[in-house]
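> As given, the protein sequences belong to chains A and B, one line each in that order. Using the numbering used here, you'd call the opening residue of the first sequence number 1 and step up by one each time. Using the numbering used here, you'd call the opening residue of the second sequence number 1001 and step up by one each time.
Going by beta-carbon spacing under 7 Å, a handful of chain B positions derived as facing chain A:
id, residue
1, 1022
2, 1025
3, 1026
4, 1041
5, 1045
6, 1049
7, 1233
8, 1246
9, 1248
Restricting the straight-line Cα-Cα distance to at most 25 Å, the calculated cross-link-like pairs of lysine to any residue (SDA-like) are:
id, chain 1, residue 1, chain 2, residue 2
10, B, 1040, A, 35
11, A, 19, B, 1050
12, A, 87, A, 161
13, B, 1040, A, 230
14, A, 12, B, 1062
Derived from the structure by calculation, the hints contain no laboratory data. Keep in mind it's a predicted model, so treat the numbers as computed, not measured. All C-beta atoms, glycine included, are put in the ideal place defined by N, C-alpha and C.
2 protein chains.
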Amino acid sequence: MIKMGLKEKEQKFFDYLKKMESYEEALNLMYWDLRTGAPKNGLERRAETIGILSEEWFQMSVSDTMKEFLDELTEKHVYDNLSSVTKKALQECREEYEKNIKIPKEEYKEYVILQSKSESVWEEAKANADFNQFAPYLEKLIEFNKKFISYWGYQGHKYNTLLHLYEPGITVETLDKVFAELKKHIVPLVQQIVQSSKKIDVSFLHKPFPKEKQRKFSEYILKEIGYNFDAGRLDETVHPFEIRMNRGDVRITTKYDETDFRTAVFGTIHEAGHAIYEQNINEELEGTPLADGASMGIHESQSLFYENLIGRNYHFWKRYYNQLKTYAPNQFTGVSLNDFYRAINEVKPSLIRIEADELTYCLHIIVRYEIEKLLFEGNLDVSDLPKVWNDKYSEYLGIAPDHDGNGVLQDVHWAGGSFGYFPSYALGYMYATQLMQKMEQDLSNVEELIENGEFQQIQSWLTKHVHLYGKMKKPLEILKDATGESLNPAYFIQYLEKKYKDIYSLD
Amino acid sequence: MIKMGLKEKEQKFFDYLKKMESYEEALNLMYWDLRTGAPKNGLERRAETIGILSEEWFQMSVSDTMKEFLDELTEKHVYDNLSSVTKKALQECREEYEKNIKIPKEEYKEYVILQSKSESVWEEAKANADFNQFAPYLEKLIEFNKKFISYWGYQGHKYNTLLHLYEPGITVETLDKVFAELKKHIVPLVQQIVQSSKKIDVSFLHKPFPKEKQRKFSEYILKEIGYNFDAGRLDETVHPFEIRMNRGDVRITTKYDETDFRTAVFGTIHEAGHAIYEQNINEELEGTPLADGASMGIHESQSLFYENLIGRNYHFWKRYYNQLKTYAPNQFTGVSLNDFYRAINEVKPSLIRIEADELTYCLHIIVRYEIEKLLFEGNLDVSDLPKVWNDKYSEYLGIAPDHDGNGVLQDVHWAGGSFGYFPSYALGYMYATQLMQKMEQDLSNVEELIENGEFQQIQSWLTKHVHLYGKMKKPLEILKDATGESLNPAYFIQYLEKKYKDIYSLD
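In isolation and in its complexed conformation, chain A is listed as follows (with noise of 0.2 Å):
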């Protein structure tokens, strides 16, 4: 192949990827526009098309066609001579290619009817909290998993498959010594509070804020931390949500409770850390797979480093509490900052996942990778999960669920077939507080920051270290030319026990 075809080759590489990416923005619109107000009589004919344009993204990941340039641009002499954007974007569609033409075609058919059918098994199933309607499909789903780990194959455990398929370069060996030092100091760190004799008058929380409110303070507040409205927007939906349709268009949606704010506050910030990443990509990997985040883990990163590290920090309220005052006159009177402070970081070991507060949020996941873990080595049957389930919130949370429904049944996740994906919310635990270590020693001043409202500085070092890469970098890539070293929990450790042994005036 002559430089000239080379360069030609690379273009039609790249003109593909655009349109691969085309089908993905109307995907996404459609998505988003389902949950934003779509009305309903029209969802059955929209499910059609969102079949046959995902079916029409999937064969261009497997056609001929990908196969050539995927072959062609990787033999040697034509490989050394293409940008370090081209070397990536043939990596990310050569995993994924490999992933799709592995499963034989029927099977996968069989699955994705599996999982919708699963889906609502597991809803009606949830809503009786009746572990037995849906044990034969979760079994299915496993077995499922299990064969296309063969056709994968794996290295060392037969797991890290699954998690490669969320968080590459993430393994059990890793997983299982990182997750033994947050249970050696969260689970006593949990007890000891749950002991104290300090209580935190939450009530003021619940008074009635009015929803109108809420929007508009959850604005300000986007727009201070740094949410671009002119590359976003905010809606409301059932479920909160960042999607992105390009970089320029990356959009969020909030749920507004009347009766508890830190939904809408929490939740905005929380989407926003998943937007501001995505609007800050490099604007060279448009039109490629690789203008996304790195992995689950590094995006839920970015967005716990806005909820918890900024949002939840008592600077932040240092300069935004008496703004919020003004949003709902009548609610914090008599509310002090250090009570406001205490009160949206109450710690209480609760049984639902997405309900739990930032120290014993990891614990949940702790509880679902051990038993993901057991499953796939074989080592669990399916029938006895509620009991494990419920052994183990006993002896990480120190309470059981009373029924099914809050207990095993709670997530979706399996339901969908998605096993490997849960450890990703702990590591972005991690990743986040590691990287604000090194940023508190690169900047100095962070809090000084929050407290003055200067986000500009605290995003620079955000995408500069990470957002600006997309999917260039591998998570631990990432982690360590970010922070010089490779996963390391002693800074979430560290932060939680500073941090909630303050709160809870321990030791």
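Could you slot chain B onto chain A? The hints should help.
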């Protein structure tokens, strides 16, 4: 082809059409989204996405696969065994195929670029009221369209080919006749009104009416007249429009002018007329190109039916005027129902088509029709256009533009290369009144139904005679089947004379 093979082939054809419709749904959603609040930084990439998906649709419409369907399914022994829906769908696709395939690719590309460039130039020229700036582009656009006509062929007058694009079956011969009739009656009636001593007080129309109240009243009225919010939604845009995602999702938009509530109220009723049409097309046609309005004119007949024959009807306000008052309590103090009715039907010759009243509207169209015909006959130089425009306005409307910005440059249509489109608006008025005349015969108590807010019967009549068919019938076929005769302008003239002589106490 054996019977079994035929069914399969037919099914494959429908799958193919459904895929095209899916692209269209995605494109329409992107179009809607761009106008209802997509963030500005995303527009550039969005334009590319729209380009890529449109191209995909276009390629499907002229592909070898399409050609095969068209050829194989129209072989006589096959064709005779097809359902009527398949037959009509084949005709639609054949027309689209021929239209697109006959234009050389390179020429079409040049034309698309010219269109886009012309629209920007036109925008500037209009702002500068500088026709000379736009003239060279207009000349090229006309040249291109003349060439297209030579590729497509024509019967009778060359302009017929352009008319066919928007209003199949309507010819210069027909339009010359009906427009002559309209001029003969409307021009003197307008003169009489202008010269009459009767003046209508419209000052109260411009008192402030809060936007939120307008929105609520509009929603109320939309529900009353039968717009189905389970199959649609109402949003705000600079230029109101109606757009269909699918049969269960037909959206409308409006704009709110706080010093003229008529913009929103009559605007939403107008768009709802379009939407009620598309919400009630036969379900069997869904997923084919037949699930669309029969023509621009028939579409317009439905919006005008609702806007004018219902919305500006005395009996309508006899029912809803008191309701309206509750949304804007002070605006209508001392304004009787009769005053109100006359004010919303005030006749006032004006320069701008889109601001014209019901009586003078068609004169604006006739000016444009006569000019387009001259242009395509080769009997008018572009450079003479402003003069001819102004002369015709003086002759038909008794007023002339003071500059080309509110004269010949006012509409975007020509800049986009749309010639032959304007007559559809006037046809909509004639169709609507012709349908109403027959409906009155069939239902005998239409005024009573309106006054009682019983719109279901009215809608059922329209659905039975118009909506259901989608593109299964041509415009004049719909008219003939519904009313027993072809286009007859007498009904529109009668309607106008009766209504406006009454309002202005003439004769």
